[in-house]
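**Q** Kindly generate the complete structure, drawing on both the sequences and the hints.
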Amino acid sequence: MPSVKIPRKSTDVDMTPFVDVAFLILTFFIMATKFKPPEPVEVTTPKSVSTKELEDRNAVLITIDKDSKVYFTANAQKDLNVLSELAGYVSSTRTLGLTDAEKQNYKKTPLVGVPFSQLKQFLDLPPEKQKEVKQDGIPMDTTGGELTYWIQAAQSAFKGSQLWYMIKGDNNSKYPAFKMVIEALKKNDVYKYNLITAPEDAPPGTELYKERRKIS
Amino acid sequence: MASIDTGGGDSGHKKGPGVKKAKKLSTRVDMTPMVDLGFLLITFFIFTTTMSSPKALNLNMPKDTNKEEELNKAKESGALTILLGKDNHVYYYEGQLLPDGSNFKSTNFLGIRDEIINKRNEVIKNHVHDANCPKIWAENKGDKNSCLDRDLVVVIKPDQDATYKNTVDILDEMTINNVKRYAMVDITPQEYEVVQATEGGK
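Line order of the protein sequences matches chains A and B. Per our numbering: the first sequence = residues 1 to 216. Per our numbering: the second sequence = residues 1 to 202.
The hints are simulated quantities; they were obtained by calculation from the structure and are not laboratory data. Every value quoted in this text rests on a predicted model; they were computed, and no experiment measured them. A hint or two may mislead.
As the list claims (entries may be wrong) - Derived lysine-lysine pairs resembling BS3-like cross-links, with alpha carbons at most 27 Å apart:
{"#": "1", "chain 1": "B", "residue 1": "K105", "chain 2": "A", "residue 2": "K214"}
{"#": "2", "chain 1": "A", "residue 1": "K47", "chain 2": "A", "residue 2": "K36"}
{"#": "3", "chain 1": "A", "residue 1": "K214", "chain 2": "B", "residue 2": "K135"}
{"#": "4", "chain 1": "B", "residue 1": "K125", "chain 2": "A", "residue 2": "K214"}
{"#": "5", "chain 1": "A", "residue 1": "K47", "chain 2": "A", "residue 2": "K78"}
**A** Below is the structure:
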């Protein structure tokens with residue numbers, strides 16, 4: 001019997017459509033997402049079903065990291081001079097003797113986590129060097145600790161305008177740290193604040209789930 | 001779309017008599033490394049960018065002076081106390097904590113939702129109709145439960161070993177189950193003892 005010749009087909013796959021798809025996905029990612037801002041302190045926030053967006057306003061951000069250390073940041077929307085005023089207030093009330101240069105430097109400082117006693121040396125460093133310093137957090141105690149004075153300074157520097165208070169806590173930070181932060185806020189007559197969380201869907205079958213489906 | 005056509009791959013040409021014909025070289029480019037590069041870049045972007053922006057969970061705390069009165073006003077029958085212990089343990093009891101601890105129960109974060117729902121349904125069932133209800137129903141677009149669950153108060157007491165995540169999860173449960181009245185207060189020494197005793201036994 002004559003052997004039937006099986007027609008051989010090439011097994012080389014043409015890769016060009018793959019490249020097209022890959023670059024299309026890449027373009028999507030470049031356009032639709034934003035780079036995560038580099039934070040001096042990495043915090044993993046818990047998830048919550050809340051849908052309230054963060055607003056771009058004058059705000060005070062209190063960060064609690066996984067070792068329950070507390071850090072303070074003030075975000076000024078328009079006028080950054082408010083931040084040097086804040087540093088000035090802290091300097092005069094706690095008699096730290098900050099120079100003008102140090103107060104100006106505070107404008108560029110993303111986040112503060114040192115006790116008042118070390119603040120002067122900390123602000124002497126330029127922002128790049130500040131990142132290398134291991135900040136051990138603002139000293140806290142059950143009556144609010146040094147954070148109370150920071151919040152007071154923020155309130156006086158941002159005089160008049162409505163200040164937003166945000167707390168960004170890590171999943172593993174302990175409740176007492178959170179309680180001390182709330183004490184510091186209570187000392188300054190602040191009872192409304194916002195906890196920063198990652199988004200999460202309402203679990204199916206629950207009241208909230210039904211409510212959200214009704215509205216949409 | 002993208003393709004590199006070599007038109008036969010004829011890159012040789014006659015140099016002259018006596019010279020060997022140049023080998024025909026293919027100009028087809030192998031695209032495999034470019035695919036690898038593309039996917040590497042995609043992976044880089046996936047890891048360094050964020051698509052979901054963080055959300056804000058609102059929290060209002062009462063002023064210290066009013067706290068005690070608020071708690072006492074709450075009817076015992078509608079009160080559910082949730083205690084948060086270490087390692088994601090959740091304990092709860094209804095009404096007042098009995099001296100022998102017999103109404104002290106333990107659960108986890110999945111079970112507590114069922115408990116809250118049960119308690120809420122119980123309160124709604126037992127609610128005595130009062131004159132304010134029609135007004136509240138009108139305000140809440142006819143939601144019949146909005147007046148009936150007024151007696152439900154959930155008191156959240158995290159102890160010193162509870163994590164921030166536990167606290168936020170419980171506050172989330174309040175929103176998920178539509179509990180309108182809740183408070184976060186300190187755990188009392190007696191309650192802490194009961195929690196320690198239960199955890200010590202495990």
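**Q** Run every hint past the structure and note whether it holds.
**A** Cross-check of the supplied hints:
1. K105/B with K214/A: 35 Å, violated
2. K47/A with K36/A: The given pair, whose Cα atoms are some 18 Å apart, holds under the 27 Å limit.
3. K214/A with K135/B: Distance of about 22 Å is within 27 Å: holds.
4. K125/B with K214/A: Distance ~24 Å between K125/B and K214/A Cα, so the pair holds.
5. K47/A with K78/A: Violated, at roughly 30 Å.
Violated hints, in rising order: 1 and 5; the structure is consistent with all others.
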